[in-house]
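Using the sequences and the accompanying hints, generate a full structural model.
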Amino acid sequence: MEIRHMYARRSGKVLALCRLTMAAMFMAGIVFSPDVALRNPGITRILAGGYVFWVIILACAAWTDWWYDCRLAPAAQVIDFVAFAGAIYFTERPQGVLTGPFLVFGTFLLLVALVRWGTIGVATTGMGLFFAAIVPAGMLTLGGAAPDPLRFVRGLICMVVVSMLMLWLASRQRGRRVVTLPEPAGPPGARRNRVLASALRQACLTMGARGAALAVAWGDEPWIDLLIEDDGRVTSERQGPSALSTALAMPAPPTLFDRQRARRIGLPAEHQLVIERSTAAIPLAEICGVNEGILATFSSVSSQGQLLVWGIPAMAVDDLPWMSALVREIGLALDREEMATLAKSSAVAEVRNALARDLHDSVVQFLAGTMFRLEALRRRLRDGKDPEGEIVAMKEALRREQAQLRVMIDRLRRGEDGDRAADVTEELRSLVEEMSAHWRVQIRFDGQTGPLPVPIHLAYELRQMVREAVANAARHGQCSEVMISLDHDGSTLTVTIADDGVGFPGAGQLCQPRSITERVAALGGRVRIAEHSNNHLRPGARLDIEVPTRINA
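Using the working numbering, the first residue of the sequence shown is number 483, and each one after it goes up by one.
Hints in this document: simulated from the structure, not taken from any laboratory.
Simulated DEER-style distance windows between Cβ atoms: (1) Met646 x Ala667: 43 to 53 Å; (2) Ser718 x Leu837: 31 to 41 Å; (3) Ser718 x Met609: 51 to 61 Å.
Derived lysine to any residue pairs resembling SDA-like cross-links, with alpha carbons at most 20 Å apart: (4) Lys495 x Gly793; (5) Lys877 x Val889; (6) Lys867 x Ala919.
Keep in mind the model is a prediction, meaning the values are calculated, not measured. Backbone N, C-alpha and C fix where the C-beta goes; we use that ideal spot for every residue, glycine too.
Structure (C-alpha coordinates):
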(Lines of atoms letter the chains of each structure in order from A and count residues from 1; the text may use other names and numbers.)
(Lines give C-alpha, C1' and ligand atoms only; values in the text may rest on other atoms or scores of the structure.)
Protein backbone atom coordinates (compact mmCIF):
# COMPACT_ATOMS: atom_id res chain seq x y z
CA MET A 1 0.00 0.00 0.00
CA GLU A 2 1.26 3.51 -0.80
CA ILE A 3 2.56 5.65 2.07
CA ARG A 4 0.29 8.50 0.93
CA HIS A 5 -2.75 6.22 1.15
CA MET A 6 -1.78 5.08 4.63
CA TYR A 7 -1.55 8.63 5.93
CA ALA A 8 -4.82 9.62 4.25
CA ARG A 9 -7.16 7.14 5.98
CA ARG A 10 -5.07 4.82 8.17
CA SER A 11 -4.69 6.76 11.42
CA GLY A 12 -4.60 3.58 13.52
CA LYS A 13 -1.42 2.41 11.78
CA VAL A 14 0.21 5.82 12.00
CA LEU A 15 -0.53 6.08 15.73
CA ALA A 16 0.70 2.55 16.37
CA LEU A 17 3.93 3.24 14.49
CA CYS A 18 4.55 6.47 16.43
CA ARG A 19 3.81 4.77 19.76
CA LEU A 20 6.17 1.93 18.93
CA THR A 21 8.94 4.37 17.97
CA MET A 22 8.58 6.35 21.21
CA ALA A 23 8.52 3.20 23.33
CA ALA A 24 11.65 1.89 21.61
CA MET A 25 13.49 5.19 22.12
CA PHE A 26 12.37 5.33 25.77
CA MET A 27 13.56 1.75 26.37
CA ALA A 28 16.88 2.50 24.69
CA GLY A 29 17.32 5.57 26.90
CA ILE A 30 16.70 3.54 30.04
CA VAL A 31 19.06 0.72 29.06
CA PHE A 32 21.88 2.57 27.36
CA SER A 33 21.89 6.18 28.62
CA PRO A 34 24.27 6.70 31.58
CA ASP A 35 22.62 10.05 32.43
CA VAL A 36 19.27 8.53 33.43
CA ALA A 37 19.03 7.64 37.12
CA LEU A 38 16.31 5.08 37.82
CA ARG A 39 14.27 4.57 40.96
CA ASN A 40 14.29 0.78 41.52
CA PRO A 41 16.11 -0.03 38.23
CA GLY A 42 14.97 -3.66 38.12
CA ILE A 43 11.27 -2.87 38.47
CA THR A 44 11.61 0.07 36.07
CA ARG A 45 13.16 -2.09 33.34
CA ILE A 46 10.52 -4.81 33.80
CA LEU A 47 7.68 -2.28 33.54
CA ALA A 48 9.29 -0.58 30.54
CA GLY A 49 9.79 -3.94 28.83
CA GLY A 50 6.17 -4.86 29.49
CA TYR A 51 5.05 -1.57 28.01
CA VAL A 52 7.14 -2.14 24.88
CA PHE A 53 5.65 -5.63 24.53
CA TRP A 54 2.15 -4.16 24.85
CA VAL A 55 2.96 -1.55 22.22
CA ILE A 56 4.11 -4.26 19.83
CA ILE A 57 0.79 -6.08 20.32
CA LEU A 58 -1.08 -2.85 19.53
CA ALA A 59 0.98 -2.34 16.38
CA CYS A 60 0.22 -5.87 15.18
CA ALA A 61 -3.49 -5.36 15.86
CA ALA A 62 -3.53 -2.05 13.97
CA TRP A 63 -1.79 -3.62 11.00
CA THR A 64 -3.91 -6.77 10.78
CA ASP A 65 -7.38 -6.28 12.28
CA TRP A 66 -9.58 -3.17 12.23
CA TRP A 67 -11.82 -4.67 14.93
CA TYR A 68 -9.11 -5.08 17.59
CA ASP A 69 -7.49 -1.80 16.63
CA CYS A 70 -10.74 -0.05 17.52
CA ARG A 71 -11.62 -2.18 20.56
CA LEU A 72 -8.16 -1.85 22.16
CA ALA A 73 -7.94 1.93 21.65
CA PRO A 74 -9.45 2.93 25.07
CA ALA A 75 -7.26 0.40 26.91
CA ALA A 76 -4.21 1.65 25.01
CA GLN A 77 -4.95 5.22 26.06
CA VAL A 78 -5.28 4.24 29.74
CA ILE A 79 -2.03 2.25 29.70
CA ASP A 80 -0.29 5.18 27.97
CA PHE A 81 -1.46 7.38 30.86
CA VAL A 82 0.02 4.92 33.35
CA ALA A 83 3.27 4.79 31.36
CA PHE A 84 3.40 8.61 31.30
CA ALA A 85 2.96 8.85 35.09
CA GLY A 86 5.37 5.96 35.70
CA ALA A 87 8.03 7.55 33.52
CA ILE A 88 7.84 10.71 35.63
CA TYR A 89 8.08 8.77 38.89
CA PHE A 90 10.65 6.06 38.09
CA THR A 91 13.16 8.21 36.18
CA GLU A 92 14.78 10.42 38.80
CA ARG A 93 15.17 13.69 36.87
CA PRO A 94 13.89 16.43 39.20
CA GLN A 95 14.99 19.12 36.78
CA GLY A 96 13.47 17.43 33.74
CA VAL A 97 9.89 16.70 34.77
CA LEU A 98 7.40 17.70 32.00
CA THR A 99 10.19 18.69 29.63
CA GLY A 100 11.78 16.97 26.65
CA PRO A 101 10.43 13.42 26.12
CA PHE A 102 7.67 13.87 28.72
CA LEU A 103 6.19 16.80 26.82
CA VAL A 104 6.42 14.83 23.57
CA PHE A 105 4.70 11.84 25.20
CA GLY A 106 1.89 14.06 26.52
CA THR A 107 1.45 15.67 23.12
CA PHE A 108 1.21 12.22 21.54
CA LEU A 109 -1.59 11.24 23.94
CA LEU A 110 -3.49 14.39 23.00
CA LEU A 111 -3.06 13.61 19.29
CA VAL A 112 -4.39 10.09 19.82
CA ALA A 113 -7.47 11.50 21.56
CA LEU A 114 -7.92 14.06 18.77
CA VAL A 115 -7.87 11.44 16.05
CA ARG A 116 -9.96 8.81 17.80
CA TRP A 117 -12.52 10.66 19.93
CA GLY A 118 -12.51 14.33 18.97
CA THR A 119 -13.28 17.18 21.35
CA ILE A 120 -14.49 15.10 24.30
CA GLY A 121 -11.48 12.80 24.06
CA VAL A 122 -9.04 15.71 23.97
CA ALA A 123 -10.67 17.41 26.97
CA THR A 124 -10.62 14.17 28.99
CA THR A 125 -7.02 13.44 28.01
CA GLY A 126 -5.90 16.97 28.91
CA MET A 127 -7.36 16.65 32.42
CA GLY A 128 -5.86 13.17 32.74
CA LEU A 129 -2.41 14.46 31.79
CA PHE A 130 -2.71 17.21 34.38
CA PHE A 131 -3.36 14.72 37.17
CA ALA A 132 -0.85 12.21 35.74
CA ALA A 133 1.81 14.91 36.17
CA ILE A 134 0.65 16.26 39.55
CA VAL A 135 0.38 12.89 41.34
CA PRO A 136 3.92 11.59 40.55
CA ALA A 137 5.36 15.03 41.26
CA GLY A 138 3.66 14.99 44.67
CA MET A 139 4.98 11.51 45.38
CA LEU A 140 8.49 12.63 44.42
CA THR A 141 8.17 15.62 46.74
CA LEU A 142 7.11 13.39 49.63
CA GLY A 143 10.07 11.11 48.89
CA GLY A 144 12.55 13.97 49.11
CA ALA A 145 13.19 14.33 45.35
CA ALA A 146 10.98 17.31 44.64
CA PRO A 147 11.13 18.62 41.05
CA ASP A 148 12.30 22.15 40.41
CA PRO A 149 9.14 24.30 40.93
CA LEU A 150 9.90 26.76 38.13
CA ARG A 151 10.62 24.04 35.57
CA PHE A 152 7.63 22.00 36.69
CA VAL A 153 5.18 24.92 36.46
CA ARG A 154 6.61 25.92 33.09
CA GLY A 155 6.19 22.37 31.79
CA LEU A 156 2.66 22.20 33.19
CA ILE A 157 1.74 25.47 31.45
CA CYS A 158 3.16 24.12 28.18
CA MET A 159 1.00 21.00 28.56
CA VAL A 160 -2.12 23.12 29.18
CA VAL A 161 -1.36 25.27 26.11
CA VAL A 162 -0.89 22.18 23.95
CA SER A 163 -4.19 20.76 25.29
CA MET A 164 -6.03 23.97 24.40
CA LEU A 165 -4.51 23.91 20.92
CA MET A 166 -5.65 20.33 20.46
CA LEU A 167 -9.16 21.26 21.59
CA TRP A 168 -9.27 23.93 18.91
CA LEU A 169 -8.03 21.49 16.29
CA ALA A 170 -10.65 18.97 17.42
CA SER A 171 -13.43 21.50 16.87
CA ARG A 172 -12.05 22.20 13.40
CA GLN A 173 -11.77 18.50 12.58
CA ARG A 174 -15.53 18.00 12.93
CA GLY A 175 -16.07 19.43 9.46
CA ARG A 176 -17.53 16.96 7.00
CA ARG A 177 -15.47 15.13 4.46
CA VAL A 178 -16.09 16.39 0.95
CA VAL A 179 -16.60 14.08 -2.01
CA THR A 180 -17.58 15.36 -5.45
CA LEU A 181 -19.35 13.12 -7.93
CA PRO A 182 -18.42 13.71 -11.58
CA GLU A 183 -21.20 15.23 -13.67
CA PRO A 184 -22.58 12.54 -16.03
CA ALA A 185 -23.29 13.25 -19.67
CA GLY A 186 -26.76 14.00 -20.93
CA PRO A 187 -29.51 16.51 -20.16
CA PRO A 188 -30.46 16.88 -16.47
CA GLY A 189 -33.65 15.05 -15.65
CA ALA A 190 -33.03 12.19 -18.09
CA ARG A 191 -29.86 10.56 -16.74
CA ARG A 192 -30.80 8.79 -13.50
CA ASN A 193 -29.02 5.58 -14.45
CA ARG A 194 -25.91 7.52 -15.44
CA VAL A 195 -25.89 9.24 -12.05
CA LEU A 196 -25.94 5.84 -10.34
CA ALA A 197 -23.18 4.46 -12.57
CA SER A 198 -21.06 7.56 -11.93
CA ALA A 199 -21.62 7.24 -8.17
CA LEU A 200 -20.62 3.57 -8.25
CA ARG A 201 -17.36 4.35 -10.05
CA GLN A 202 -16.58 7.26 -7.72
CA ALA A 203 -17.19 5.07 -4.67
CA CYS A 204 -14.55 2.61 -5.86
CA LEU A 205 -12.08 5.41 -6.58
CA THR A 206 -12.66 7.29 -3.32
CA MET A 207 -12.47 4.23 -1.09
CA GLY A 208 -9.79 2.43 -3.08
CA ALA A 209 -12.19 -0.51 -3.24
CA ARG A 210 -12.14 -3.54 -5.50
CA GLY A 211 -15.92 -3.57 -5.79
CA ALA A 212 -19.07 -1.65 -4.93
CA ALA A 213 -22.82 -2.12 -5.20
CA LEU A 214 -25.80 0.23 -5.23
CA ALA A 215 -29.33 -0.91 -4.41
CA VAL A 216 -32.10 1.65 -4.95
CA ALA A 217 -35.87 1.47 -4.42
CA TRP A 218 -37.88 4.17 -6.21
CA GLY A 219 -40.93 5.56 -4.44
CA ASP A 220 -43.80 3.09 -4.28
CA GLU A 221 -42.39 0.85 -7.00
CA PRO A 222 -42.05 -2.76 -5.78
CA TRP A 223 -38.78 -3.58 -7.50
CA ILE A 224 -35.19 -2.67 -6.65
CA ASP A 225 -32.51 -1.55 -9.11
CA LEU A 226 -29.16 -3.18 -8.34
CA LEU A 227 -25.84 -2.07 -9.85
CA ILE A 228 -22.63 -3.96 -9.07
CA GLU A 229 -19.04 -3.17 -10.04
CA ASP A 230 -16.44 -5.82 -9.31
CA ASP A 231 -12.89 -5.61 -10.66
CA GLY A 232 -14.00 -3.03 -13.23
CA ARG A 233 -16.91 -5.11 -14.56
CA VAL A 234 -20.35 -3.51 -14.14
CA THR A 235 -23.61 -5.47 -14.05
CA SER A 236 -27.16 -4.33 -13.40
CA GLU A 237 -30.37 -6.15 -12.61
CA ARG A 238 -33.84 -5.52 -11.24
CA GLN A 239 -35.04 -7.52 -8.24
CA GLY A 240 -38.49 -8.03 -6.84
CA PRO A 241 -39.59 -7.53 -3.23
CA SER A 242 -37.31 -9.32 -0.74
CA ALA A 243 -35.49 -8.85 2.56
CA LEU A 244 -33.47 -6.15 0.80
CA SER A 245 -36.65 -4.06 0.44
CA THR A 246 -37.06 -3.99 4.21
CA ALA A 247 -33.38 -3.16 4.72
CA LEU A 248 -33.57 -0.21 2.32
CA ALA A 249 -36.48 1.27 4.27
CA MET A 250 -34.47 1.29 7.52
CA PRO A 251 -31.90 4.13 7.75
CA ALA A 252 -28.54 2.99 9.12
CA PRO A 253 -25.23 4.81 9.69
CA PRO A 254 -22.08 3.90 7.76
CA THR A 255 -21.04 0.55 9.20
CA LEU A 256 -17.83 -1.45 8.96
CA PHE A 257 -18.76 -5.14 9.20
CA ASP A 258 -17.38 -8.67 9.23
CA ARG A 259 -20.30 -11.07 8.76
CA GLN A 260 -18.31 -14.23 9.53
CA ARG A 261 -17.10 -12.95 12.92
CA ALA A 262 -20.30 -10.96 13.69
CA ARG A 263 -18.36 -7.70 14.07
CA ARG A 264 -19.72 -4.24 13.34
CA ILE A 265 -18.56 -0.68 13.94
CA GLY A 266 -20.98 2.11 13.06
CA LEU A 267 -20.56 5.87 12.85
CA PRO A 268 -23.90 7.57 13.58
CA ALA A 269 -22.08 10.86 14.28
CA GLU A 270 -18.55 12.24 14.10
CA HIS A 271 -16.23 10.60 16.67
CA GLN A 272 -19.05 8.53 18.19
CA LEU A 273 -18.31 4.98 17.14
CA VAL A 274 -20.77 2.22 18.02
CA ILE A 275 -18.94 -1.09 18.44
CA GLU A 276 -21.04 -4.24 18.63
CA ARG A 277 -21.30 -7.89 17.78
CA SER A 278 -24.32 -8.69 15.64
CA THR A 279 -25.50 -11.65 13.60
CA ALA A 280 -28.30 -9.68 11.92
CA ALA A 281 -28.49 -10.28 8.18
CA ILE A 282 -27.09 -7.81 5.66
CA PRO A 283 -29.12 -8.64 2.52
CA LEU A 284 -27.06 -6.58 0.06
CA ALA A 285 -23.81 -8.17 1.28
CA GLU A 286 -25.39 -11.63 0.96
CA ILE A 287 -26.51 -10.91 -2.61
CA CYS A 288 -23.01 -9.73 -3.57
CA GLY A 289 -21.28 -12.55 -1.66
CA VAL A 290 -19.32 -10.07 0.48
CA ASN A 291 -18.11 -11.09 3.94
CA GLU A 292 -16.25 -7.92 4.95
CA GLY A 293 -16.91 -4.35 3.82
CA ILE A 294 -18.62 -1.05 4.56
CA LEU A 295 -22.35 -0.43 4.17
CA ALA A 296 -24.28 2.85 4.31
CA THR A 297 -27.81 3.95 3.47
CA PHE A 298 -28.91 7.06 1.61
CA SER A 299 -32.18 8.67 0.64
CA SER A 300 -33.52 11.23 -1.79
CA VAL A 301 -36.90 12.78 -2.48
CA SER A 302 -38.07 9.73 -4.41
CA SER A 303 -35.75 6.88 -3.40
CA GLN A 304 -34.17 4.83 -0.63
CA GLY A 305 -30.87 3.08 -1.22
CA GLN A 306 -27.74 1.40 0.11
CA LEU A 307 -24.11 1.62 -0.94
CA LEU A 308 -21.80 -1.32 -0.26
CA VAL A 309 -18.03 -1.30 -0.87
CA TRP A 310 -15.56 -4.12 -0.36
CA GLY A 311 -12.00 -5.11 -1.13
CA ILE A 312 -10.54 -1.97 0.52
CA PRO A 313 -6.81 -2.39 1.31
CA ALA A 314 -6.26 -2.29 5.10
CA MET A 315 -9.85 -1.25 5.78
CA ALA A 316 -10.29 0.78 8.99
CA VAL A 317 -12.73 3.00 10.88
CA ASP A 318 -11.15 6.02 9.13
CA ASP A 319 -13.09 4.96 6.03
CA LEU A 320 -16.46 5.54 7.71
CA PRO A 321 -16.52 9.39 7.42
CA TRP A 322 -15.65 9.09 3.73
CA MET A 323 -18.45 6.58 3.25
CA SER A 324 -20.81 9.01 4.96
CA ALA A 325 -19.71 11.76 2.56
CA LEU A 326 -20.26 9.46 -0.43
CA VAL A 327 -23.84 8.49 0.43
CA ARG A 328 -24.67 12.09 1.30
CA GLU A 329 -23.48 13.21 -2.14
CA ILE A 330 -25.33 10.37 -3.89
CA GLY A 331 -28.57 11.43 -2.22
CA LEU A 332 -28.01 15.05 -3.26
CA ALA A 333 -27.20 14.03 -6.85
CA LEU A 334 -30.44 12.03 -7.07
CA ASP A 335 -32.34 14.98 -5.59
CA ARG A 336 -30.90 17.29 -8.23
CA GLU A 337 -31.88 14.83 -10.93
CA GLU A 338 -35.40 14.57 -9.53
CA MET A 339 -35.68 18.36 -9.38
CA ALA A 340 -34.59 18.59 -13.01
CA THR A 341 -37.19 15.97 -13.95
CA LEU A 342 -39.93 17.84 -12.11
CA ALA A 343 -38.84 21.13 -13.66
CA LYS A 344 -38.94 19.58 -17.13
CA SER A 345 -42.39 18.07 -16.48
CA SER A 346 -43.62 21.39 -15.13
CA ALA A 347 -42.28 23.23 -18.17
CA VAL A 348 -43.94 20.75 -20.53
CA ALA A 349 -47.23 21.05 -18.64
CA GLU A 350 -46.99 24.84 -18.72
CA VAL A 351 -46.39 24.87 -22.47
CA ARG A 352 -49.23 22.40 -22.98
CA ASN A 353 -51.64 24.52 -20.93
CA ALA A 354 -50.55 27.71 -22.66
CA LEU A 355 -51.05 26.10 -26.06
CA ALA A 356 -54.48 24.83 -25.00
CA ARG A 357 -55.47 28.34 -23.88
CA ASP A 358 -54.24 29.87 -27.12
CA LEU A 359 -56.10 27.35 -29.24
CA HIS A 360 -59.26 27.80 -27.20
CA ASP A 361 -59.18 31.60 -27.19
CA SER A 362 -58.28 31.94 -30.86
CA VAL A 363 -59.05 28.97 -33.11
CA VAL A 364 -61.99 27.50 -31.18
CA GLN A 365 -63.68 30.85 -30.61
CA PHE A 366 -63.03 31.92 -34.20
CA LEU A 367 -64.58 28.70 -35.51
CA ALA A 368 -67.58 29.22 -33.24
CA GLY A 369 -68.02 32.73 -34.62
CA THR A 370 -67.61 31.44 -38.15
CA MET A 371 -70.43 28.97 -37.54
CA PHE A 372 -72.63 31.89 -36.45
CA ARG A 373 -71.76 33.76 -39.63
CA LEU A 374 -72.38 30.70 -41.82
CA GLU A 375 -75.81 30.33 -40.25
CA ALA A 376 -76.50 34.00 -41.01
CA LEU A 377 -75.23 33.48 -44.58
CA ARG A 378 -77.60 30.54 -45.02
CA ARG A 379 -80.51 32.76 -43.98
CA ARG A 380 -79.42 35.46 -46.46
CA LEU A 381 -79.35 32.91 -49.27
CA ARG A 382 -82.76 31.61 -48.25
CA ASP A 383 -84.11 35.18 -48.33
CA GLY A 384 -82.61 35.73 -51.79
CA LYS A 385 -80.09 38.34 -50.67
CA ASP A 386 -76.68 38.81 -52.27
CA PRO A 387 -74.08 36.84 -50.21
CA GLU A 388 -71.02 38.36 -51.92
CA GLY A 389 -70.27 40.96 -49.23
CA GLU A 390 -70.54 38.45 -46.40
CA ILE A 391 -68.34 35.95 -48.23
CA VAL A 392 -65.66 38.61 -48.76
CA ALA A 393 -65.86 39.56 -45.07
CA MET A 394 -65.53 35.94 -43.98
CA LYS A 395 -62.59 35.44 -46.31
CA GLU A 396 -60.88 38.49 -44.80
CA ALA A 397 -61.58 37.17 -41.29
CA LEU A 398 -60.04 33.82 -42.22
CA ARG A 399 -56.98 35.61 -43.57
CA ARG A 400 -56.55 37.55 -40.32
CA GLU A 401 -56.98 34.40 -38.25
CA GLN A 402 -54.39 32.65 -40.39
CA ALA A 403 -51.98 35.50 -39.69
CA GLN A 404 -52.69 35.22 -35.95
CA LEU A 405 -52.00 31.48 -36.05
CA ARG A 406 -48.68 32.12 -37.76
CA VAL A 407 -47.79 34.63 -35.04
CA MET A 408 -48.64 32.05 -32.38
CA ILE A 409 -46.56 29.37 -34.11
CA ASP A 410 -43.67 31.80 -34.42
CA ARG A 411 -43.86 32.55 -30.69
CA LEU A 412 -43.73 28.84 -29.91
CA ARG A 413 -40.66 28.38 -32.09
CA ARG A 414 -38.70 31.41 -30.91
CA GLY A 415 -39.94 31.82 -27.35
CA GLU A 416 -41.31 35.03 -25.94
CA ASP A 417 -39.44 38.23 -26.74
CA GLY A 418 -39.63 39.87 -23.32
CA ASP A 419 -37.44 42.81 -24.33
CA ARG A 420 -39.67 43.85 -27.24
CA ALA A 421 -42.59 46.23 -26.73
CA ALA A 422 -46.00 46.61 -28.33
CA ASP A 423 -48.64 49.34 -28.15
CA VAL A 424 -51.44 47.62 -26.27
CA THR A 425 -53.90 50.43 -27.08
CA GLU A 426 -53.46 49.94 -30.80
CA GLU A 427 -53.55 46.14 -30.39
CA LEU A 428 -56.92 46.25 -28.63
CA ARG A 429 -58.36 48.89 -30.97
CA SER A 430 -57.63 46.72 -34.03
CA LEU A 431 -58.97 43.67 -32.22
CA VAL A 432 -62.23 45.47 -31.42
CA GLU A 433 -62.88 46.09 -35.10
CA GLU A 434 -62.26 42.44 -35.95
CA MET A 435 -64.41 41.09 -33.13
CA SER A 436 -67.29 43.47 -33.88
CA ALA A 437 -67.44 42.32 -37.49
CA HIS A 438 -66.95 38.68 -36.60
CA TRP A 439 -69.59 38.39 -33.85
CA ARG A 440 -72.05 40.96 -35.23
CA VAL A 441 -72.15 42.93 -31.97
CA GLN A 442 -71.44 46.57 -31.29
CA ILE A 443 -68.17 47.07 -29.40
CA ARG A 444 -67.09 50.40 -27.95
CA PHE A 445 -63.49 50.86 -26.91
CA ASP A 446 -62.35 53.51 -24.42
CA GLY A 447 -58.56 53.74 -24.13
CA GLN A 448 -56.00 56.48 -23.69
CA THR A 449 -55.26 58.54 -26.76
CA GLY A 450 -51.49 58.11 -26.72
CA PRO A 451 -49.56 54.88 -27.22
CA LEU A 452 -49.17 52.56 -24.24
CA PRO A 453 -46.09 50.37 -24.78
CA VAL A 454 -45.92 47.14 -22.76
CA PRO A 455 -43.88 43.93 -23.13
CA ILE A 456 -44.98 42.09 -26.22
CA HIS A 457 -46.00 38.95 -24.32
CA LEU A 458 -48.27 41.04 -22.06
CA ALA A 459 -49.93 42.65 -25.08
CA TYR A 460 -50.47 39.19 -26.57
CA GLU A 461 -52.03 37.85 -23.34
CA LEU A 462 -54.36 40.87 -23.04
CA ARG A 463 -55.43 40.45 -26.65
CA GLN A 464 -56.29 36.79 -26.05
CA MET A 465 -58.22 37.60 -22.86
CA VAL A 466 -60.30 40.26 -24.62
CA ARG A 467 -61.03 37.84 -27.49
CA GLU A 468 -62.23 35.22 -25.01
CA ALA A 469 -64.35 37.71 -23.04
CA VAL A 470 -66.06 39.12 -26.15
CA ALA A 471 -66.70 35.63 -27.55
CA ASN A 472 -68.26 34.54 -24.24
CA ALA A 473 -70.43 37.66 -24.13
CA ALA A 474 -71.69 37.07 -27.67
CA ARG A 475 -72.13 33.29 -27.49
CA HIS A 476 -73.28 32.71 -23.92
CA GLY A 477 -74.36 36.16 -22.79
CA GLN A 478 -76.41 36.85 -25.93
CA CYS A 479 -75.40 40.49 -25.75
CA SER A 480 -75.81 43.17 -28.39
CA GLU A 481 -73.22 45.59 -27.06
CA VAL A 482 -69.82 45.27 -25.38
CA MET A 483 -67.87 48.11 -23.70
CA ILE A 484 -64.10 47.77 -23.30
CA SER A 485 -61.99 50.24 -21.36
CA LEU A 486 -58.23 50.36 -20.78
CA ASP A 487 -56.60 52.23 -17.91
CA HIS A 488 -53.04 52.49 -16.64
CA ASP A 489 -51.93 54.01 -13.33
CA GLY A 490 -48.17 53.51 -13.59
CA SER A 491 -47.79 50.03 -12.12
CA THR A 492 -51.08 48.33 -12.95
CA LEU A 493 -52.93 47.86 -16.20
CA THR A 494 -56.71 47.53 -15.87
CA VAL A 495 -58.95 46.19 -18.62
CA THR A 496 -62.71 46.26 -18.08
CA ILE A 497 -65.08 44.30 -20.35
CA ALA A 498 -68.81 44.92 -19.79
CA ASP A 499 -71.81 43.73 -21.80
CA ASP A 500 -75.60 43.99 -21.79
CA GLY A 501 -76.29 40.27 -21.97
CA VAL A 502 -77.92 37.83 -19.56
CA GLY A 503 -74.90 37.73 -17.26
CA PHE A 504 -73.37 34.79 -15.42
CA PRO A 505 -75.60 32.13 -13.88
CA GLY A 506 -75.50 32.02 -10.09
CA ALA A 507 -72.64 33.65 -8.20
CA GLY A 508 -70.37 35.33 -10.68
CA GLN A 509 -67.19 34.75 -8.71
CA LEU A 510 -67.80 31.00 -8.91
CA CYS A 511 -68.18 31.14 -12.70
CA GLN A 512 -64.90 32.76 -13.65
CA PRO A 513 -63.83 31.75 -17.16
CA ARG A 514 -60.99 29.28 -16.80
CA SER A 515 -58.83 30.51 -19.65
CA ILE A 516 -58.93 34.15 -18.53
CA THR A 517 -58.35 33.21 -14.89
CA GLU A 518 -55.29 31.12 -15.75
CA ARG A 519 -53.80 33.86 -17.90
CA VAL A 520 -54.31 36.51 -15.22
CA ALA A 521 -52.81 34.25 -12.53
CA ALA A 522 -49.76 33.58 -14.70
CA LEU A 523 -49.23 37.34 -15.04
CA GLY A 524 -49.53 37.88 -11.28
CA GLY A 525 -52.79 39.80 -11.52
CA ARG A 526 -56.39 39.32 -10.47
CA VAL A 527 -59.84 39.20 -12.07
CA ARG A 528 -63.21 40.23 -10.64
CA ILE A 529 -66.69 39.51 -12.05
CA ALA A 530 -69.87 41.44 -11.30
CA GLU A 531 -73.22 42.33 -12.82
CA HIS A 532 -73.11 45.28 -15.16
CA SER A 533 -76.63 46.75 -14.64
CA ASN A 534 -79.52 46.73 -12.20
CA ASN A 535 -81.88 45.18 -14.75
CA HIS A 536 -82.63 41.68 -13.42
CA LEU A 537 -83.84 40.54 -16.86
CA ARG A 538 -80.59 41.43 -18.60
CA PRO A 539 -78.07 42.16 -15.84
CA GLY A 540 -75.09 41.84 -18.14
CA ALA A 541 -71.61 40.96 -16.94
CA ARG A 542 -68.50 42.91 -16.08
CA LEU A 543 -64.93 41.64 -15.91
CA ASP A 544 -62.24 43.75 -14.24
CA ILE A 545 -58.80 42.43 -15.13
CA GLU A 546 -55.79 43.91 -13.31
CA VAL A 547 -52.23 42.93 -14.19
CA PRO A 548 -48.88 44.45 -13.22
CA THR A 549 -47.01 46.01 -16.09
CA ARG A 550 -43.74 47.62 -17.01
CA ILE A 551 -43.65 50.60 -19.39
CA ASN A 552 -40.81 50.35 -21.85
CA ALA A 553 -39.02 53.57 -22.72
